[in-house]
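Knowing the structure of chain S, use the given hints to seat chain H on it.
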Amino acid sequence: GEDVEQSLFLSVREGDSSVINCTYTDSSSTYLYWYKQEPGAGLQLLTYIFSNMDMKQDQRLTVLLNKKDKHLSLRIADTQTGDSAIYFCAESHDAGNKLTFGGGTRVLVKP
Amino acid sequence: GAVVSQHPSWVICKSGTSVKIECRSLDFQATTMFWYRQFPKQSLMLMATSNEGSKATYEQGVEKDKFLINHASLTLSTLTVTSAHPEDSSFYICSASADTEQFFGPGTRLTVL
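Protein sequence lines, in the order shown, are assigned to chains S and H.
Sequential numbering of the first sequence, starting at 1, is according to the numbering used here.
Sequential numbering of the second sequence, starting at 112, is according to the numbering used here.
Chain S on its own, in the form it takes in the complex (with noise of 0.2 Å):
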């Protein structure tokens, strides 16, 4: 079945950049995922890539995507304090069916 993995907590210093690394291992995903949430709250989307692209940028935002090795990453430029959460990977086969997430990556930003 599939398998996301991402590690489980990363410290960073305000104003640095953040990288947040998931690896999956289903070939046929579609759509990769970067979700943030926050204590107590749900989930809020961040961005998605589609499978055959490479890179996509939104604002302070950077995913990168590898294929080959099926790697996926999120980098956060200029990290706020506002950004410590938790953020989760996912994947899916199509476009708005059930997602598969990764354990989660605890970001804490220090300032």
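Among the hints, a few may not be true.
In silico DSS-like pairs for lysine-lysine, Cα to Cα no more than 25 Å straight-line [said to hold, decoys possible]: (1) H:152 with S:98; (2) S:67 with S:56; (3) H:175 with S:98; (4) S:36 with S:110; (5) S:98 with H:166.
These are computed hints drawn from the structure, not numbers from a lab.
Quick look at chain H alone, frame taken from chain S:
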């Protein structure tokens, strides 16, 4: 973006009682809704896929008689945890599908005493 609400936000109940959680898409119609559960400091695990007007599709290991899902309209899906036990205590999150995106509700925290 589209808004999905859940009600209640949190609920505490006694063991053996049933609890109903509502998931509503407020400004769009969703033919498909999903129910996830999340244990503390863990990821979201899909429980079931709910399609309007048809039976829900449950993931392996999820008891359909314990977690009853009803998707009666294009804007409402309900999850009923029947005969709840302390091990059912969790954060339940729904999402509603619109085109290429899923929009998530804020979650319902269930505590079973």
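Against the structure, the hints come out as follows:
1. Note on residue 152 of chain H and residue 98 of chain S: the hinted pairing holds, with a Cα-Cα distance of about 21 Å set against a maximum of 25 Å.
2. Straight-line distance between C-alpha atoms of residue 67 of chain S and residue 56 of chain S comes to about 14 Å, which keeps the hinted pair within the 25 Å bound.
3. For the hint linking residue 175 of chain H to residue 98 of chain S, the alpha-carbon distance of about 18 Å falls within 25 Å, and the restraint holds.
4. The suggested pairing of residue 36 of chain S with residue 110 of chain S holds, with an alpha-carbon distance near 18 Å, which does not exceed 25 Å.
5. With a C-alpha separation of about 16 Å, the suggested pair residue 98 of chain S and residue 166 of chain H falls inside the 25 Å cut-off, and the hint holds.
Hint compliance for this structure: no hint is broken.
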